[in-house]
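Each chain sits in its own coordinate frame; assemble them with the hints.
So the sequence lines, in the order shown, correspond to chains A and B. First residue of the first sequence? That's 1 in the numbering used here, and the numbers climb one at a time after it. First residue of the second sequence? That's 1001 in the numbering used here, and the numbers climb one at a time after it.
Please keep in mind that the hints were generated in silico from the structure rather than gathered at the bench. Among the clues, some could well be false.
Unchecked claim - Only part of the chain A face toward chain B is listed, based on derived beta-carbon distances under 8 Å:
hint, residue
1, Val49
2, Asp66
3, Leu103
4, Tyr104
5, Tyr109
6, Ala113
7, Phe116
8, Ala120
9, Arg152
For glycine and all other residues, C-beta sits at the position ideal for the given N, C-alpha and C.
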Amino acid sequence: MRREVPLVLTAIVGLTMIVSHFIPPFNILKDLFEDWFFIIAAFAIYLGVLNLLRVNADKLYKKKPDAPFGLVVILGFLLITIPGLFFSGGRSFSDPGTPFYYLYIHVYYPLSATMFALLAFFVASASYRAFRARNVEATMLLVAAFILMLGRVPIGDWMTAWLPEGYRLGEWADWIMDFPQTAGQKAIMIGIALGVVSSALRVILGLERAYMGGE
Amino acid sequence: MNQENMQEEKSFWEKLLAIDRRIIFLFIIVAIALPLFFKVSMRIPVTPVAEGTYQAIENLPAGSKVLASFDYDPGSMPELQPMAEAFFRHAFRNDLKVVIMGLWPQGPLQANIALEEVFQDEDVKAKNLQYGVDYVNLGFTAGNEVVIDRMGHSFEESYPRDGQGTPLSEIPLMRGVRNYDNVDLIFNLSAGYPGTQEWVQYAVDVFHVKLAAGNTAVQAPAMYPYVQTGQLSGVLGGMKGGAEYETLLGIPGRAVRYMFSQAIAHAVICLFIIIGNLAFFSMRKRRAS
Chain A
1 MRREVPLVLT
11 AIVGLTMIVS
21 HFIPPFNILK
31 DLFEDWFFII
41 AAFAIYLGVL
51 NLLRVNADKL
61 YKKKPDAPFG
71 LVVILGFLLI
81 TIPGLFFSGG
91 RSFSDPGTPF
101 YYLYIHVYYP
111 LSATMFALLA
121 FFVASASYRA
131 FRARNVEATM
141 LLVAAFILML
151 GRVPIGDWMT
161 AWLPEGYRLG
171 EWADWIMDFP
181 QTAGQKAIMI
191 GIALGVVSSA
201 LRVILGLERA
211 YMGGE
Chain B
1001 MNQENMQEEK
1011 SFWEKLLAID
1021 RRIIFLFIIV
1031 AIALPLFFKV
1041 SMRIPVTPVA
1051 EGTYQAIENL
1061 PAGSKVLASF
1071 DYDPGSMPEL
1081 QPMAEAFFRH
1091 AFRNDLKVVI
1101 MGLWPQGPLQ
1111 ANIALEEVFQ
1121 DEDVKAKNLQ
1131 YGVDYVNLGF
1141 TAGNEVVIDR
1151 MGHSFEESYP
1161 RDGQGTPLSE
1171 IPLMRGVRNY
1181 DNVDLIFNLS
1191 AGYPGTQEWV
1201 QYAVDVFHVK
1211 LAAGNTAVQA
1221 PAMYPYVQTG
1231 QLSGVLGGMK
1241 GGAEYETLLG
1251 IPGRAVRYMF
1261 SQAIAHAVIC
1271 LFIIIGNLAF
1281 FSMRKRRAS
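With the rest of the complex left out, here is chain B (with noise of 0.2 Å):
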């Protein structure tokens, strides 16, 4: 390789290595939007982890009660909305009574979100579900830990009314519901603090409840020692927990549809660290040279 080679190749790497983050946007954007057009079916891969979720919830006997915890916002909807309501389909399919809750102030608005995608459903419509009996949503207390701690002993103290300002012994649904000893299964929706941890150590150690859980995809490694334990059932973990538990209950949704998209945005970044090595190496094997 003569000189003018060497330098004309040592300036497309330094030029590669300097490319303006817009282009990387730019790829990026493109990786993202562009397979949201496209229906492709692919094979998602169950988890063991996502499985115990599922489970959990499938073998509850009709009627058992659900106490279900929304503890995101909307910063984390793309992950956690699909799973929310994968989570109200699974219910209302097995004749579950869900009662709703959120530690974060815009979690119980995000149930409602899921709960009127859900109930456009024909086969939900038939159903014909009932304020009060067949779900409740008590809305938001501030008191994060101490907000589940207090309800191990009474729901009454935390939520004295529910979201409408009913009071709690008024609504078919809560009545003999005092704490955790009459819930079947605790199940979080969780993109962070106060979420599934909290529930753990506040309500499944000290109460012994039975918990499975959805998480984001930063968070849901950090619950894999809890799973591992017993102390969680199980747990999805970002859009690909959404996918499997999708996937599992036999109704592809928003989840299954966005992991093109997700697969082919992940592919990209991999691609660039690959281009970003290459760039690496080869300037460093140069400055030895």
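Just chain A, with the same shape it has in the complex (with noise of 0.2 Å):
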């Protein structure tokens, strides 16, 4: 029963979703579906935090090595969590002015933003030891590369503007970003489509149980 009841519930949730779309009376099922689904997403946040704390004070507990960085974690989250249920004025508490809102702007936000920026330093790395013209479609992908690097930013028409309008830098970045890049992303998204049709099938059939945790 453990393993029949999910499968039976997964086919009839997938397979009433599919038919809704083309009966509209399905639309009831599906949204009780959706209502139970909003219920469920709700208490997924709160099982995460729970886990959270449960993984980092168990480093804490069994004074693991990385047990510094799980007191910093549970630290944080108290930090952000407690002005913002208790002393941030309820349901308004991202409003601007209240404390949870000062610490967004000035701990969370130039933190994460800073986390994101680190990106540009590896990147820079990164292209350098292994962007390399060592084939003709590594030269292909380089010089791609190359012209939107530069031709995306005001110093590729810069660079190239004593050449005549229509061929400087930055609109062989828009051809290249309009038809090649486009006819590619095209491709990615039909397979891509067809793929998740056959995954979600194969969930709905029951013969891809992954998501139950074995098989």
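In structure tokens:
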């Protein structure tokens, strides 16, 4: 029963969602299942929070080597959560002027932006070491990347200002984006869509059971 | 070239290839930070995809309602926040009514930050905008694309109250707004999932609502097919897209200012790639000989 019940539930919900798109009366069931989804999604947030605390508290309790990071996670969590829940005016916690907003602007905001900004450095280092014109395909990729990197910023047009309009680097970059890039994206999208349809059918028919944690 | 010189040159290229990455980091930080201290005005050419977004908003008559979904977090702030500010300036200048929401928890907060910035403008101050009348922030709701789908039937099912806890029925701006039929445009700022792709698939394709978007530079190329098919009015791609939008709007802001920095950083990365390839070919030639 532990296997059969989830399989039957998945099949019913999956088929209902497909059928309701074509037969409107089934929308009643679809709405019901979506309500369930909202409730599960809301509980998943609480579950995630509890799991985060449990995993990191466990690190501290067992004095694992990365225990200091666990402490930082727990303290960070409490630092944001307590002012947000108890000292920021309830539902209007995210309004300018509240302690939560202050912490968001002065702690979370710069930390999050910094993490993402580090990418620029790693991309630069990786480009230097790995971007090589080893063969024809790699050379084509390199040339396209070059045109885009310079053509998407004003410096590209400035460097090729001596060329007649229509032949400047910015226009080459636009052409790459509009035609080869878009054609490639379309092919990828169609491939993904077909893959999603086949995976969904396998899940609905019970052939794909990995989501239940086995097989 | 004698043997000694060859040995010397070889060691030079080898050294160059094995350069400490911290030196590269140093060049990049200088390339990014130094231009920020200079006020250089660069011509920003406008692409048709960016103009599509601008025109979608510009062509709305005064009083039109725009649903703005902020689906990003501070990690994408440098690219998307200038777009958010430009969008609010554009919308308020044209007397549009803005309904803000977020599929990412941080999204509605990002909208508040952009609003705070825009409210400093004299032009916007003069409009004396009222919360609940000219704009409203519905906040965040968990559920990703299911939220988009449910809003097609009823906004109230996904957002019974706004971010401050006021029931939607008591907000003047939301009176008469039941679903997508009652909004004139959706404007989406997105940094990933859920984002513009989900808005196209669940709102545009199913409920035939008009959509314009702003995306991170990484995500924007995936939106070009939707622009070509007309499912998306236009897309602003990365900081360049933000700069194009500000240029079209005639209000140069942070994106235009930061473009010089980005241009120099790109040029430095290109220079590193050239040096890396010169070293690679030089060593390959030497090995072959």
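We went through each hint and held it up to the structure:
no. : hint   : in the structure
1   : Val49  : violated, 12 Å
2   : Asp66  : violated, 23 Å
3   : Leu103 : violated, 11 Å
4   : Tyr104 : holds, 6 Å
5   : Tyr109 : holds, 5 Å
6   : Ala113 : holds, 5 Å
7   : Phe116 : holds, 4 Å
8   : Ala120 : holds, 6 Å
9   : Arg152 : holds, 5 Å
Violated hints, listed in ascending order, are 1, 2 and 3; each of the other numbered hints is respected by the structure.
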